[in-house]
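Colleague: Residue strings, one per chain:
Number of protein chains: 2
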Amino acid sequence: MRADRLVTMSQPVDSAVSAVRTYIARHRAAFLDELAEWLRIPSVSAQPDHTTDVRRSADWLAARLQETGFPTAEVWETPGAPAVFAEWPCDDPEAPTVLVYGHHDVQPAAREDGWDSEPFEPVIRENRLYARGAADDKGQVFFHTLGVRAHLAATGRTAPAVHLKLLIEGEEESGSPHFRALVQEHAQRLAADVVIVSDTSMWSEDTPTVCTGMRGLAECEIRLYGPDQDIHSGAFGGAVPNPATAAARLVAALHDEQERVAVPGFYDGIVELTDRERALFAELPFDEQGWLREAKSHATHGEFGHTTLERIWARPTAEVNGIGGGYQGPGSKTIIPSSALLKLSFRLVAGQDPDRIEKAVRDWAAEQVPAGIRYEISFGAATRPCLTPLDHPALQSVVRAMGRAFDKPVGFTRVGGSGPAADLEEVLGAPVLFLGISVPSDGWHAPNEKVELDLLLKGVETTAYLWSDLAENWRHAP
Amino acid sequence: MRADRLVTMSQPVDSAVSAVRTYIARHRAAFLDELAEWLRIPSVSAQPDHTTDVRRSADWLAARLQETGFPTAEVWETPGAPAVFAEWPCDDPEAPTVLVYGHHDVQPAAREDGWDSEPFEPVIRENRLYARGAADDKGQVFFHTLGVRAHLAATGRTAPAVHLKLLIEGEEESGSPHFRALVQEHAQRLAADVVIVSDTSMWSEDTPTVCTGMRGLAECEIRLYGPDQDIHSGAFGGAVPNPATAAARLVAALHDEQERVAVPGFYDGIVELTDRERALFAELPFDEQGWLREAKSHATHGEFGHTTLERIWARPTAEVNGIGGGYQGPGSKTIIPSSALLKLSFRLVAGQDPDRIEKAVRDWAAEQVPAGIRYEISFGAATRPCLTPLDHPALQSVVRAMGRAFDKPVGFTRVGGSGPAADLEEVLGAPVLFLGISVPSDGWHAPNEKVELDLLLKGVETTAYLWSDLAENWRHAP
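Chains as they are written, first to last, in the working numbering: chain E, 292 to 769; chain G, 292 to 769.
FYI, nobody ran anything at the bench for these hints, they're computed from the structure.
Some hints could be false.
If chains are identical, the list can't say which one is meant, so a pair holds when it fits in one copy or spans any two.
[Stated by the list, open to error] Lysine to aspartate or glutamate pairs mimicking EDC-like chemistry, simulated, CA-CA at most 16 Å apart:
id : residue 1 : residue 2
1  : Lys587    : Asp519
2  : Lys624    : Glu574
3  : Lys699    : Glu574
4  : Lys587    : Asp521
Please put together the full structure from these sequences, using the hints given.
Modeller: In structure tokens form, the structure reads like this:
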């Protein structure tokens, strides 16, 4: 990676930096003790016997945020697990408003899954903190507490330089079923100029990056019906339409010979990668063989004219998640099946609207399915894509703050997956940035989840600079 | 159907005919009593608790064939259920040898499946005999006993005019797992100039037909492997090959835009329909809407340039019997599946060799499956197609005999399915003809299976003429 191609504001260590670092060093031990206390609460949202633990986790966090200095720290009820909201207004009403998003629930974990220590008994080994939730997401939520204190200590302020809000949900690991409604219900109190999501990873220990967007998602199920029951392929084979064949032909028609999605209108209006973004992606130290190992795959394959990183981060896709029809057991059964099933998902990029995509796919299916085959098509709840342009002032602030903390050039990534952050962008009308200090080896959802302590404290340090930088460089546009 | 387009030897009732009919009328009651006795034996080969019944059925038949006059009538053991072999040589060593094939085992049946009477308690209602096996296949085997006696009575012979052999297997309803080995083991004793299979249907009560061939079958399973485990379609989607997509593309590539099978070499060497056969098919009183109801389908569809009857009887096919991969349960799962499965079957027509088809499909799959997808392809036991040309002298004899018995023009059909008869053609090197007097409404494999008594006796009558006609018109070619 050539530094001159990356946005960076790496600077000599100035007095603010040394004040921040001194403050963090002094409070490091207490900070880690408190985080460990939180990590001991097994707030597994997917398991009903942990319902009270998820509530304890919310209560614990709200109390801690009050201790930190947030004048407002509330537990917000949902039909499921509670969220935590906190607010610390700036004394300057013109300062921008920042909403930090994270979650306090965790994935299930049990020692026998392959953990080297109890998942809810945090331990530090070789400068890493091991516990379920250490990286996903309690560690990344919690760095904001010490971060805002360091920001105050270094600046001599009594309130942050921005209007600071936190929304920490309790059902992210269960698919955020009530999140959108929660955001809609409290849209006024959540109103912000920018959303900072701290629930992602950066490129690697050595390569700090900020994520600028994530793909959206539209999911579709198509059921195709041929004969009213399975019929004999000898007696009738070759003379009536076969719904399994029709399903397969739909899948084959999903892409053209350049592996572009062949649904008419699919690419209409998409925000194309700029040359600068393509160049920045290309300069990330990407190890394709290592990535293939992580993908447990044996070749790369996708839309012509794009690199693997472009394909997973910035290009929309159509994938078959499931296909079925007829006899799938051992041996053979000479039938024409009566029905077949397709589960498709479309990853979307900025400029694609899930409603328009749904209509395009419905029109395409109506065109493709042959006479004699009846079909039903249905769509699940969709997730919108989100993307913040590289030249957005808030993104520049994040890059500068991160650059100071890491003392390194900061690169840009995106996320191929989809998440509730897009609801925040859509409902609140605010751009979303992803400030994550986890790394791919942290073992999210896996045994021996950990967080690198050095990186965790870089997260603290980043936010200590970030609020000042935002306030300085970006005034609230009323 | 215009009679002048059909091969027919309809004649005025001559003295031979009246002798045969008189004999049959006199022995009708005893014949039906004996058949009913046989039908009371529940010789269900697929159900282990009927093992002794299948053996009883074989013993019963062998004894009855001896009573009929066959000098040889033996029970032949197999690793499964026993078959029955009988032989009645002609006194003229130059006479042709005929091997009749049928089976004495039956499908399972229980009153509660929807039978109006006990399936193994034969009853006659409205000139129909109801019982499991009445049409499939005990009735059609048993007409040969009275038939040969009527033949002798009408001709004054003491032995049939042909060397007559019967092979009645006991595992047809269980897939004939030991049949080919049995035929190979006894190939010398089974040697014949022509094989007559009595285990099929004719067009309808009003349209007597003889079947001239059946399609072969090659079955194939393809397993496709992508990632080593299911992977996240957000993190990796669009950048690695998806085995479900690869499976679907294979299926889509099976046919060209004319719905011809697109596997290179698939049609090499096939015996095309002659104009005469196409014309004869076209003159059958085919009711496409009624056929669609029977197929429980909502449209016809198949190889361009061919009628439905041509498609199911005389054209080879490729059908998907099963397809599967990824998530098929309720809701959604955003994965790229690690594997997918295809079960394909190919119906073959005369001129297609299953071994050559297997090689063609293997070559085609190797060509089609993309890089990064590993696959395994396997083929099950294949069944060869068989076809007897319209001008074959034995076929002419069957048509004349049937025409005399029914006093009507006789049409030609084929069978779309596949069966063990092809083993007889291949192992014995003899052409196979299908002399069946069942009709599509007889309810094979269904509740209330029955045989039309008038048609059953037409079967008796047909064979009474057939052996004389064959002996007269077709000398054994040594």
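Colleague: Hints first: check each against the structure and report whether it holds.
Modeller: Each hint, compared with the structure:
no., hint, result
1, Lys587 to Asp519, "between (40 Å within a copy, 5 Å between copies)"
2, Lys624 to Glu574, "neither (53 Å within a copy, 33 Å between copies)"
3, Lys699 to Glu574, "within (15 Å within a copy, 85 Å between copies)"
4, Lys587 to Asp521, "between (37 Å within a copy, 9 Å between copies)"
When the structure is compared with the earlier hints, a violation turns up for hint 2 alone.
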